[in-house]
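Protein chains: 2
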Amino acid sequence: METSASKAEFVIGVDLGGTKIMAGLFNRQMECLSHSKVRTKAQKGQELVKERIVRCIREAAEKGQVGLDQVRAIGIGAPGPVDSETGRVVFAPNLGWRDLNLKQELESILHVPVFVENDCNVCTLGIQAVELRGNPRHMIGIFLGTGIGSGLILNGQLFNGFNRTAGEIGHMVLDVNGPECGCGKKGCFEALASRTAIFKRLQAAVESGQESLLTQMLGKDLRRMRSSHLRKAVARGDSLVDQVVRQAAHFAGIAVANVVNLLSPEFVVLGGGLIEQLEDIMMTIIADTASHYAMPGTMKEVSIQASRLADDAGIVGASVLALRRTT
Amino acid sequence: METSASKAEFVIGVDLGGTKIMAGLFNRQMECLSHSKVRTKAQKGQELVKERIVRCIREAAEKGQVGLDQVRAIGIGAPGPVDSETGRVVFAPNLGWRDLNLKQELESILHVPVFVENDCNVCTLGIQAVELRGNPRHMIGIFLGTGIGSGLILNGQLFNGFNRTAGEIGHMVLDVNGPECGCGKKGCFEALASRTAIFKRLQAAVESGQESLLTQMLGKDLRRMRSSHLRKAVARGDSLVDQVVRQAAHFAGIAVANVVNLLSPEFVVLGGGLIEQLEDIMMTIIADTASHYAMPGTMKEVSIQASRLADDAGIVGASVLALRRTT
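Chains as they are written, first to last, in our numbering: chain A, 1 to 327; chain B, 1001 to 1327.
With the rest of the complex left out, here is chain A (with noise of 0.2 angstroms):
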């Protein structure tokens, strides 16, 4: 009975990206006590993405000296609507995939049980059951990077919904006359505070003869641009780009607003490449924007902050999807 109870420590959560994997193992107090990092390699097709998420975590697990059959699950967040019921990845545009039962294929290898999730959903459960504690019962996650995302935790769950894709947000129509967006519709959210949205208006600016620091940095072409060259760029004086990201924070705040007047969370959670660059400018933006924007009453004791977690979210959730489903 030694296997058995030992093999209940431990759990291992995977964040699987368009560019890196990352795999934490953890015990059942949410300690860390091991991570892996590998390159996705997404165009060099299924297999072999399937194959650096193995090998991702097996090294996670012998770097922290436990054995496989003393994982008790793994969890993994997923880029792309997934049904969670099943660990089916429905879409996932940035590895190329398309309907494949990630749980599947990965427990007839590594002979764990699997539990695969929505990336935003999981940084949420991180953010909610760690840096949070497990207290708020209504909660959402927004993250901001390439493209925007949200989890919804509500009377303390996972919230999915019926077609298993709720936290959309990202197509929020902000600014229905605003910029084009990738889906092919105007001033969505993800068109008007992304990292892309950013990048767009300032390369724009850039070519119509503005001047910025980003050239220095990067030549004309602004495409290698990011968020940490933002910050840069905003540290050493760049009015241009401290314009445009201001910017972008003011619609993440008419979003936030949007939220918290149609659902009441207790707090909202900003995370993702931007928000962790961008803290300092964009928290004080989208808290006050928020505020402005909300019905009267809705933000009464309401926490508007930047996740701590920075990196690790998504390993951090993963891993307690993993201990909740076994649980």
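Heads up, some of the hints might be wrong.
As the list claims (entries may be wrong) - To give an idea of the chain B side of the interface with chain A (calculated C-beta under 7 angstroms), a few residues:
| id | residue |
| --- | --- |
| 1 | H1171 |
| 2 | V1176 |
| 3 | I1254 |
| 4 | S1264 |
Worth flagging that the hints you see were computed from the coordinates, not collected in a lab. In this text, a Cβ means the ideal position worked out from N, Cα and C, and glycines have one as well.
Following the hints, put chain B in place on chain A, whose structure we already have.
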């Protein structure tokens, strides 16, 4: 024990509005046995309105030949934010009320348990429980009239959120540079698709010299305009009214898509005076626009429909509330 058994037989649902109060007597099968209606006379003050609510309740019971001792509970839908735990009406601008414990006040007069909820929540509950026979686990009821409000059923239960203000969809920003809203912001759903928004657009068009049959019906000042006038004008071929109503429906469709993207409900049910009068024109546009704006996969098997309960949604829903809270 006869009293206690018969007492369990009936409930009364009350729809407390700014212009009229309606009450309905229902049995446990949610069959309406009688109803009554009185004018609210809100301008005459809180005490008088309370007396009129009591009169309306007593009338419904008398018409149904039922004594109040045979009434199990009374449910009330009130216009504004309500603390449904305590039965306190937090704020009801149409009644001029602020912070009134309607539950306590009425229980001390009627000696029957009273439960109070926001009117949009109550209507949504009525639609879910009676019109849709309790089927949808996740649905939203959206009501277009003078203003715009909504109610949420999530996991089969009314969802109030942290501050009990959930459902404030009327102030969801859809067009950040759009027309001014009564709330002081711009481009809220309510400023684009309520009867008030339609009225403002038509009034401005008429003042700028555009032709409309409405001026034949109402004169140059359209302030007395009701949703039924809009229906009649469109039926008689008024192209200005037709165009403005279609535009409002388009915005309602975008709002529906925003909600479908965020919450993935199974049913979106629309009601309120505008929908009752203009369903034929508006519903197709709302459904088509919502499908266009919603993300792929989110609308699968989702039903967008008009409520059949019309003006009875309030008393039906309030009766369901009364029954649920005492079962």
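Status of each hint after checking the structure:
{"no.": "1", "hint": "H1171", "verdict": "5 angstroms, holds"}
{"no.": "2", "hint": "V1176", "verdict": "5 angstroms, holds"}
{"no.": "3", "hint": "I1254", "verdict": "5 angstroms, holds"}
{"no.": "4", "hint": "S1264", "verdict": "3 angstroms, holds"}
Consistency with the previously given hints is maintained throughout, with no hint failing.
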